[in-house]
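Colleague: This is what each chain is made of:
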Amino acid sequence: MAGSGTAHLRDANEVLLRVENLLVEFPVGRSGLKVNAVTNISLDVKPGETLGLVGESGCGKSTTGKAIMQLPKPTGGSVMFEGRDIAKLQGEELRAIRTRLQMIFQDPISSLNPRRKVEDIIAEGLNIWKIGTPEQREAKVNELMEAIGFDPAVQRGKRPHQFSGGQCQRISIARAVATDPKLIICDEPVSALDVSVQAQILNLLEDMKARYGLTLIFIAHDLAVVKNISDRVVVMYLGKICEVGGPDELYANPRHPYTAALLSAIPVPDPSVKPSERMTLGGEIPSPVTPPSGCRFRTRCPRAEALCAEQEPQIHQVGADHFVACHFPLEAGETLTASSESFTV
Amino acid sequence: MLEVKDVRTSFKTDRGLVKAVDGVSFTLERGETLGVVGESGCGKSVLSKTIMGLLPSNASRSGSIKFEGQEIGGPSIKHMRDFWGTQMSMVFQDPMTALNPVMKVGKQITESLRHHLDVSREFANETALQLLSSVGIPEPERRLKQYAFEMSGGMRQRVMIAIALACGPKMLFADEPTTALDVTVQAQILDLLEAQQAERFMAMILVTHDLGVVAGRADNIMVMYAGQSIEMAPTRTLFSQMRHPYTEALLKSIPKLNQASHTRLDAIGGRPPDLVNPPVGCRFAPRCPYAQAKCHQEAPPLMVHDTPGHEYACWFPVGTPQGAEALAKNQGSIGTAVGGQ
Ligand SMILES: Nc1ncnc2c1ncn2[C@@H]1O[C@H](COP(=O)(O)OP(=O)(O)OP(=O)(O)O)[C@@H](O)[C@H]1O
Ligand SMILES: Nc1ncnc2c1ncn2[C@@H]1O[C@H](COP(=O)(O)OP(=O)(O)O)[C@@H](O)[C@H]1O
Ligand code: SF4
Ligand code: SF4
Ligand SMILES: [Mg+2]
Ligand SMILES: [Mg+2]
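Chains A and Y supply the protein sequences, listed in that same order.
1 is the number of the first residue of the first sequence in the working numbering; add one for each residue after it.
1001 is the number of the first residue of the second sequence in the working numbering; add one for each residue after it.
Among the hints, erroneous ones may be present.
[To be verified] List time: in silico DSBU-like cross-link candidates among lysine-lysine, alpha-carbon distance up to 35 Å:
#1 A:274 with Y:1170
#2 Y:1252 with A:274
#3 A:209 with Y:1329
#4 Y:1256 with A:182
#5 A:46 with Y:1256
#6 Y:1252 with Y:1294
#7 Y:1005 with A:274
#8 Y:1252 with A:66
#9 A:182 with A:117
#10 Y:1066 with A:274
#11 A:182 with Y:1252
#12 A:182 with A:140
#13 Y:1170 with Y:1012
#14 A:158 with Y:1012
#15 A:182 with A:130
#16 Y:1294 with Y:1012
[What the hints assert, rightly or not] Away from chain Y, derived, C-beta distances all over 10 Å, residues of chain A:
#17 124
#18 130
#19 305
[Claimed, not checked] On the chain Y side, residues computed to face chain A include the following (Cβ under 7 Å):
#20 1039
#21 1154
#22 1182
#23 1183
#24 1211
#25 1236
#26 1265
#27 1271
Rather than coming from a laboratory, the hints here were simulated on the basis of the structure.
Computed from a predicted model, the values in this text were never measured in an experiment.
Where is the CB? At the ideal position from N, CA and C, for every residue including glycine.
Starting from the given sequences, assemble the full structure and let the hints guide the process.
Modeller: Now the structure itself:
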């Protein structure tokens, strides 16, 4: 199968989360067809690590994040968290996991209840789970407000609409951190923000991570943002993994043709880099209802050969912490060149 | 070809007068691309709409907009209608809202052709087909008979571009034409716009919040902040000798692909001012690391200083002795002038 395998997973005893062969399918009406949103994705996260999940829209990033949260439960696969497969948990036991596994969403304003005060939003998890005494909860809220750069005395009684998008995202972060979670899944937390505010939030996430000993899964479509915050990066395409590696190595020496194409498509703020001299990938992402056989990237890949339609490439190691799912990966340092037919504009 | 002088556009709202564009001037020649860059709400779209004559009824504008020497966008909307399509046309961020959802895309192109150019049905059909293939749409015959919702985002944007080009405009506005698209498709659409512009020798205004998008494609760049143009220069000059602290801060705050992971970002503190009551003096002063007392009292004029063609509005510009002194002074007295978080 294209981009499957577990060669990139690490010792199960060293990781906080280990997801194996995650499968998420959605029915298409009553047609009997299905959306293959996530197909056999495996990943793991070590304590204290930030795992970046990157790819273009529709490749299954959010679906992966939500399936880990069991929102809704995945169609298949296991999600080992704190030594248990939480895909097998039900009801109260599953709900109890939510204090230790939190999520932050893209749209900062609509993800906060407009009728509640900031202090109540941040204290939400603490109140639901009756964590600590009321005094301890209040102290915790004060501490968190200060940590996100708010003045508790002035801001605590305000409601979300009185804040900007960036400030609402700060509130979401404080709310997620309140219950002392082990892992926070951040789904495009800065994608809706302006660049100057985006930088503030990325810095804040790094600070909160250091201060509260957090582990993060950071989902985004912006490769530069993902590189900045991650310790390990997973590149996805059409519900599958293409490449996994440490960010500096992966960006310097992309081995999967899709990673290389993505990197060359990014407009860089440097006028000496002429876009016309770069490789432009032709076509668009195929429908996940009828994904291509073999390697799912083959319909746009300049290196595709007959084998790519027949056999799905398995993830295999190509460097110290560098794994790729491709039959004909690039050599380290090799640049991707367009084949004649994929170079259509 | 296009001469914009001291244009101001404001909106009457419950909260008061929103001064969305406040004194913008520039000129644009045929074959040139002007990149307009700035963060959300700085007035990029309002500026585009002002020039296109597409403002809503609660808006009022002053200043002069001349197209080929002729004052446009006057009181007569009918007059502007004749302009759209044949003289200038526009590509928006969201093609879905700009395309008619219940009309086949082929018909949308031919209607526009027949309305503006008064050509036969056969000729319009033939031209529509040519246009679709020139914007890189495979199987154009089939696509002509489709509706917008049957297409992907990238295809829709290609159709929008085909419609915008249909009547051979001399100038094209592209307002965030690729913001809603994936990066690989964005590259295709930007390449397409560039190729069409060169082929037709059009002037183009490329509006974006992404400095990267204009860096490799615009001849000149105008940076906007809080409704004003704060720096304008030929692209290479802007990047090699940026003078305005906001331009510098904007560039510094973007994570770069070639920076090592976990590089601390230079965020700009605070946020842009309210356009109902903008601060007196320089509008960037509450967030500016160079700001001095003078900046809070007196607004710096936009003007050419040393390099011809390079304008900026700042009392203590980046890379000048005055700027260096101002920065050193502020850093000495830890961030007195720098805004909060
Ligand atoms: N019809 C309107 N009535 C009142 N205010 C408006 C109207 N249209 C725009 N504005 C205001 O004018 C300012 C500039 O808006 P504009 O849409 O030009 O921003 P922009 O630079 O295009 O931002 P973005 O990057 O988000 O597209 C904003 O403060 C906006 O709220
Ligand atoms: N509830 C759903 N019903 C049907 N299809 C869905 C649903 N959620 C997501 N999908 C589809 O699954 C694929 C992956 O989506 P998503 O995870 O949201 O992508 P990403 O977050 O990477 O942009 C897409 O094709 C999307 O349309
Ligand atoms: S070379 Fe083959 S296996 Fe590798 S990405 Fe291209 S199509 Fe897939
Ligand atoms: S130095 Fe003064 S004039 Fe220049 S941008 Fe900063 S605040 Fe404005
Ligand atoms: Mg998503
Ligand atoms: Mg806009």
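Colleague: May I ask which of the numbered hints given earlier this structure violates, with the numbers listed in increasing order?
Modeller: Checked against the structure, no hint fails, so every one of them is satisfied.
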